[in-house]
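Asker: Sequence:
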Amino acid sequence: MNLTKLEKVLKNQIKLSKNEKSSLINFIDYIPMYDIYSNQLHLVNKSQLYDKMIHSHYRFVDKQLFDWLNNKYKKLFKKKNLNFDETQNLKNLKKNIKFLENYDIAKINKKSIEILYNFSPEVGLDITICKRKSFIPYFEHLKPYYSKDELINLGFNMGKIKKINKDVLVDPEIHYKICKKISKNDITAAKLLEDCVYIKNNDAKNLIKYYSLYGSYFINKSLRSILGKNGKLDKKKKLNNSMLLSFANQLINTIKNSPPLDQDYIVYRFITDDSYLRNLKVGSLFTETGIMSTTRDPFYSNDNNDAFGFILMKIKLPKNIKGLALNIECYSYFPYEQELILPPLARFKLISKNDNFNYYHIDKNFQKKIKKKYEFEFHDFLPIPNFQTILNPISKKYLDLMKIELNGNTYIEKANYFVENYTNSINELYIKIDNEEYRINTIWYDSTGPYKKFYYFETNTGFSLTIYNKTARVILFIEINTEISVNYFMKWNSSFDGKEIIDDENLIELVTKLAYSFKIPEILIHFNYCSFDYFSSNYNSMIEKDILDCFSFPIDFYNYFTKNIKRFRNIPTMKTGFNYFQLDKLKKMKSSDINDINLKDFLKENNKKSLSELFVLIIEEKFYFYNSFLENINTIFEAESNPFNYMYYSLNAYKYLFDKNIIKSIPNIEKTLQIKKNIIDSFDYKELFKSRFRLTD
Numbered sequence: 000m001n002l003t004k005l006e007k008v009l010k011n012q013i014k015l016s017k018n019e020k021s022s023l024i025n026f027i028d029y030i031p032m033y034d035i036y037s038n039q040l041h042l043v044n045k046s047q048l049y050d051k052m053i054h055s056h057y058r059f060v061d062k063q064l065f066d067w068l069n070n071k072y073k074k075l076f077k078k079k080n081l082n083f084d085e086t087q088n089l090k091n092l093k094k095n096i097k098f099l100e101n102y103d104i105a106k107i108n109k110k111s112i113e114i115l116y117n118f119s120p121e122v123g124l125d126i127t128i129c130k131r132k133s134f135i136p137y138f139e140h141l142k143p144y145y146s147k148d149e150l151i152n153l154g155f156n157m158g159k160i161k162k163i164n165k166d167v168l169v170d171p172e173i174h175y176k177i178c179k180k181i182s183k184n185d186i187t188a189a190k191l192l193e194d195c196v197y198i199k200n201n202d203a204k205n206l207i208k209y210y211s212l213y214g215s216y217f218i219n220k221s222l223r224s225i226l227g228k229n230g231k232l233d234k235k236k237k238l239n240n241s242m243l244l245s246f247a248n249q250l251i252n253t254i255k256n257s258p259p260l261d262q263d264y265i266v267y268r269f270i271t272d273d274s275y276l277r278n279l280k281v282g283s284l285f286t287e288t289g290i291m292s293t294t295r296d297p298f299y300s301n302d303n304n305d306a307f308g309f310i311l312m313k314i315k316l317p318k319n320i321k322g323l324a325l326n327i328e329c330y331s332y333f334p335y336e337q338e339l340i341l342p343p344l345a346r347f348k349l350i351s352k353n354d355n356f357n358y359y360h361i362d363k364n365f366q367k368k369i370k371k372k373y374e375f376e377f378h379d380f381l382p383i384p385n386f387q388t389i390l391n392p393i394s395k396k397y398l399d400l401m402k403i404e405l406n407g408n409t410y411i412e413k414a415n416y417f418v419e420n421y422t423n424s425i426n427e428l429y430i431k432i433d434n435e436e437y438r439i440n441t442i443w444y445d446s447t448g449p450y451k452k453f454y455y456f457e458t459n460t461g462f463s464l465t466i467y468n469k470t471a472r473v474i475l476f477i478e479i480n481t482e483i484s485v486n487y488f489m490k491w492n493s494s495f496d497g498k499e500i501i502d503d504e505n506l507i508e509l510v511t512k513l514a515y516s517f518k519i520p521e522i523l524i525h526f527n528y529c530s531f532d533y534f535s536s537n538y539n540s541m542i543e544k545d546i547l548d549c550f551s552f553p554i555d556f557y558n559y560f561t562k563n564i565k566r567f568r569n570i571p572t573m574k575t576g577f578n579y580f581q582l583d584k585l586k587k588m589k590s591s592d593i594n595d596i597n598l599k600d601f602l603k604e605n606n607k608k609s610l611s612e613l614f615v616l617i618i619e620e621k622f623y624f625y626n627s628f629l630e631n632i633n634t635i636f637e638a639e640s641n642p643f644n645y646m647y648y649s650l651n652a653y654k655y656l657f658d659k660n661i662i663k664s665i666p667n668i669e670k671t672l673q674i675k676k677n678i679i680d681s682f683d684y685k686e687l688f689k690s691r692f693r694l695t696d
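Residue numbering for the sequence shown follows numbering that gives the first Met the number 0, beginning at 0 and increasing consecutively.
Just so you know, the hints here were simulated from the structure itself, not pulled from any lab data. Certain hints may be false.
Said to hold, decoys possible - The calculated EDC-like cross-link candidates involving lysine to aspartate or glutamate, where the alpha carbons are at most 20 Å apart (straight line), are:
1) Lys562 / Asp502
2) Lys159 / Glu172
3) Lys469 / Glu427
4) Lys663 / Glu521
5) Lys132 / Glu543
6) Lys183 / Glu376
7) Lys90 / Glu100
8) Lys90 / Glu6
9) Lys565 / Glu612
10) Lys372 / Asp272
11) Lys621 / Glu139
12) Lys584 / Glu639
13) Lys162 / Asp148
14) Lys589 / Asp600
15) Lys255 / Asp379
As the list claims (entries may be wrong) - Ranges between beta-carbon positions, derived for each pair:
16) Leu232 / Ile570: 45 to 53 Å
17) Lys74 / Phe26: 29 to 37 Å
18) Glu604 / Lys367: 51 to 59 Å
19) Lys74 / Phe356: 38 to 46 Å
20) Asp66 / Asn278: 51 to 59 Å
21) Tyr335 / Leu75: 29 to 37 Å
22) Lys451 / Asn44: 32 to 40 Å
23) Asn80 / Asp433: 51 to 59 Å
24) Asp233 / Ser283: 16 to 24 Å
25) Asp66 / Asn385: 51 to 59 Å
26) Ile112 / Lys367: 28 to 36 Å
27) Thr3 / Asp595: 13 to 21 Å
28) Asn357 / Asn537: 51 to 59 Å
29) Pro259 / Glu457: 37 to 45 Å
Just so it is clear, CB atoms sit at the ideal spot from N, CA and C, and this is done for glycine as well.
Please model the entire structure based on the sequences and the hints provided.
Answerer: Pasting the structure below:
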């Protein structure tokens, strides 16, 4: 037996004789493993078993897996009118089962484990094949299987297990029984997809993104200041931020009209201060005046940071109630939080409270710190009042960026002066460019912690300006430092789909004038990103269609490869961070230059295509290969010459404005220095950026 022959058997191209089948168990160089992401069997080299099991979530074949594949096949085979996904699954299942029939399942499982231990000394005992109901292959944060630690600790917390040892879970029958009990509270993949589609279809994607980053802080701070526990508005207080109120109203309506839960679920929330709960008696009601953030993850952890909460709220949510909870993880900037949000003025009945209990957690240090637990169940809603009755909008403050003078030597001093003298009381201003009016929000930020990846500059005294559209979409994001960075944030916020985007001409005019006023001439403009949903008509799979909008790609490179369009080509002073010469190399290199086992079949089908053609094909039809493609590009180019590492343009604002005859001469000003002074007092930004964990506020 050899690999080539066995691969043909796997593809059902040839059949093995009876003698070949009996000797197949002795071929140990390659072992069949099941990949739940692709629903395929793969032949894995014996030296890679551990890596595939841990990092790719492959699993060995055993009786339980074989029976599960057979049961899935039988159910699909009996079903009429299969959709595209089901038809593909049926073909894969038939192929997988037919191949596995060549083996004695018990023997190949035993042999697989032996080889794993012999060739992978680092292997542990925490692997199971207990599948999570929430698993969807395309999301990195969704893992397909529970670990043994997770099963055991969940069993303890649910009262399903009293005492057990990890080794006992090797027994298939015990493993199956525990898995069935424990996985009941896991949210279903169907429910995750339903909420994902609901958010997309109701144009709420950007509201969710806004809330998950720092909108939760602003919205809840406002709601909790004006709403009483009786659901009545405090008429003495006024809201003066009309944009924030609009976002809050839209988000509340989105939650209130969301699909009901498909079954009862338990969600969790950690708080730092329980003073508002301490005097509650069992059976009494608690009213949440803000939008409540919860997690479905029973092993949610706040990185053991003592500044955050270790008081647990455990909340039971019933099924079939419209608008009770919306799962936002497919669009959240922090999907690992597995967050469900509940509308304001939801009321909960206290079932129990306990400060003498054990909450079992996979992080034992975190477990030791959980000192108190409140258990609630949802009771009802109070009506949402009309917030418009207390709106007192601030008058607009217009600004001509070419006519302002900023005092200060550093960007921090200038930014502070800018906020104090040229924005209104809620730190916003208005400008007009080409008869278009733009409302700009200013904010200080700290990008040294959890928010680091969203900012180009890493600093604890960052200053940014943001323009939103009416649906909370970010259409311009500017960071001011010793240089000016434009739209780096768009990497996580696809900005180009034909709706309300600032065109390049207005963009350049705005940022160059801003740079001139701050006396910071160097500007970096990052790529626009487009949602893969733009090509939804190229996909047959309904699951893929449902989630395409959750992912994005750089539109600038796509336009160059497909239309030979060079963005900003009409601006002579504009430079590229990348090199078109390096980019053109991809037009000459073939897909055969990539050697990736995960792309093996795809590359074989497209072996005559250039890498630029492969890039376009992936963008238009195979979005799930995009990250793998980038990883392979990293192996082809040196870091300093890889065009995908430099997806930005650079422009000198002074030269541009001079060429446009907007200024008469080029200023001779020394580069603005970055001096980290704590002179910022206009906004409690440190409270906002100290943590991403809304589940603890």
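Asker: Hint by hint, which ones does this structure get wrong, listed from lowest number up?
Answerer: Structure breaks no hint.
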